[in-house]
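**Q** Chains as they are written, first to last, in the numbering used here: chain A, 1 to 188; chain B, 1 to 292.
Calculated directly from the structure, the hints in this document are not laboratory data.
Among these hints, one or two may not hold up.
To be verified - Sample of chain A residues facing chain B (criterion: CB under 8 Å; computed from the structure): (1) T56; (2) R65; (3) E66; (4) Y80; (5) L83; (6) I84; (7) R86; (8) A91; (9) L92; (10) S93; (11) V107; (12) E114; (13) D152; (14) D153.
Positions of the beta carbon are idealized from the N, C-alpha and C atoms, including for glycine.
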Amino acid sequence: MKAVETIVIGCSTGGPGALARLLGALDHRLPASVVVCSHAASSPHTLCQLLAQHSTLPVIEACEREPVRGGMVQVAPPDYHLLIERGRRFALSIDEPVGFSRPSIDVLFSSAAEAYGAGLIAVILTGANADGAAGLACVRRAGGVAIVQQPDDAAAPAMPRAALELAGADHCLTLDEMAPLINRLCMT
Amino acid sequence: MNPVALNLSGIDPELDDIELNLFVSAMRQRHGYDFAQYAPASLKRRVYQLVEQHHTTNISTLTGRLLHDPTFLPQVLEGLSVPVSDMFRDPPVFRALREQVLPALSVHPRITIWQAGCARGQEIYSLAILLEEAGLYDRCQIYATDFNDAALRQAREGIYPAREAQAWSRNYQAAGGTCSLADYYSARYDFIKLDQRLRRNVVFADHNLVTDAVFCEAQLVLCRNVLIYFSNPLQNRVLAMFRDSLLPGGFLCLGLRENLALAPAARDFEALDSSLRLFRRCPEPVHDHEGG
Ligand SMILES: C[S@@+](CC[C@H](N)C(=O)[O-])C[C@H]1O[C@@H](n2cnc3c(N)ncnc32)[C@H](O)[C@@H]1O
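With the sequences and hints as input, model every part of the structure.
**A** Structure representation (structure tokens):
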């Protein structure tokens, strides 16, 4: 199996809480990069700060043209789409929102799928819309691993449900089951 | 609703690259538009959007039509150019223009301003309002340029969907507006039309940042959220063009999340407010050994 280079995570309603729990349980020696796309309405600084309080890895806002860094959590800035170039650097765009969302999880996931192919894990957490489903399908098509939160376990089940319907998943888990699996996939 | 443009990507990336390169060559060789140095991920996404919009089966079909159907180019340009904008987007930036930049410009008897990538004109009307309220407008010559002619036409008209008005009014207030945005437009049915007096000193012109040259000496260059679409070498080249268009001490205003760390031309600018991406062109370089 190809080593995991990057983990992309998408969420909206209920996202900050779920992210805090997931990031708090990741192995602090994780070599992979973690990239987060959340629609949650709270201000960007608040989200980064909140996540930094819980995450085992350092948390920063993703910056255009900078490399996607291993061992770090990088959060999409508000009101831009975040993409990953094949050269493993971040790019931003202010193209129209996709289904009312900017940043769009679909946009991040599909670009990451092209950049990393099978070296990618994509995670869909709680959310009240269908963003991320099409992106998750791209990830799976390119050979990446899809992890979706069990809808019953999610504060808002619509996003995981849409992802399961359109893309399916390699693993459909509760929030608390995710970090151990990700640690295992990345640390071996 | 814009198409999702995802169904096609990722099936065969190598083939995609070949097709995308051919498309870019066709745009350049047949129509003179050079997208070779645009940031690849978002360019590709927009080309896929075109494929879906026009129900072609793949990029090559799109390229064929681009070469053989002379009416097709404007639609492709519209799709590639992303003329997305708002009035007073990022209010703190417009507040800083109002409170820090305009007072500094007011010492000049004539003021030249260039906005590059003006899209449908939302920011140029925003700037015009700031200049009017500062009593500087009549001293200004303003150039608003873009390479999207359809967007330029709409910019001249200044007509926008009425549903935007509320958010734009809030932005205007948050940017330190002293009147009401409604004082500057008339509303009719589902549209608002900006007061056309706001563009009496504005020249809207077609200018391509990739292929066209410096054309003015400005005290302020505004170019927000355009360089994010360019690869590093093109970003640097356009930044150098802004430097050469600015008088020493002139102001440069970029988009809120733009990163100049990899552009050597950034050394010719100093930050006025780095978090707002407001810069000044450094004075002409002074030799280190000069003086005592
Ligand atoms: C996303 S809009 C930015 C609008 C506005 N400045 C803002 O930030 O809200 C980008 C604009 O840049 C223009 N643009 C892109 N490439 C260009 C080029 N090579 N020359 C001139 N304009 C270009 C596009 O046509 C589009 O209108």
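**Q** Let's test the interface hint: is any C-beta of chain B closer than 8 Å to that of L92(A)?
**A** Nearest chain B Cβ about 5 Å off; hint holds.
**Q** Does D152(A) pass the interface hint, meaning its C-beta sits closer than 8 Å to a C-beta of chain B?
**A** 27 Å, violated
**Q** Quick one, is the A91(A) hint okay against chain B at 8 Å, beta carbons?
**A** 5 Å, holds
**Q** Under 8 Å, Cβ to Cβ, is where D153(A) needs to be relative to chain B, so tell me if that hint holds or is violated.
**A** 26 Å, violated
**Q** Does R65(A) pass the interface check with chain B, least Cβ-Cβ distance below 8 Å?
**A** Holds. Min distance 5 Å.
**Q** At a threshold of 8 Å, is the proposed contact between R86(A) and chain B supported by beta-carbon distances?
**A** Where the cut-off is 8 Å and the nearest Cβ of chain B is about 7 Å from R86(A), the hint holds.
**Q** Under the criterion of a CB-CB separation shorter than 8 Å, is E114(A) in contact with chain B as hinted?
**A** OK, holds: E114(A) within 8 Å of chain B, min 6 Å.
**Q** Are Y80(A) and chain B close enough, Cβ to Cβ, to be under 8 Å, as the hint says?
**A** With a minimum Cβ separation of about 6 Å from chain B (threshold 8 Å), the hint on Y80(A) holds.
**Q** Tell me if the interface restraint on T56(A) is satisfied: Cβ within less than 8 Å of some Cβ in chain B.
**A** The hint is violated - T56(A) has no Cβ within 8 Å of chain B, the shortest such distance being about 27 Å.
**Q** Per the CB criterion, is E66(A) less than 8 Å away from chain B?
**A** 7 Å, holds
**Q** Would you settle whether the hint for V107(A) is holds or violated, based on the nearest Cβ-Cβ distance to chain B being less than 8 Å?
**A** Since the shortest Cβ distance to chain B is 7 Å, the answer is holds.
**Q** Minimum Cβ distance from S93(A) to chain B below 8 Å?
**A** With Cβ-Cβ at 4 Å, under 8 Å, it holds.
The structure fails hints 1, 13 and 14 (numbered hints given earlier, in ascending order).
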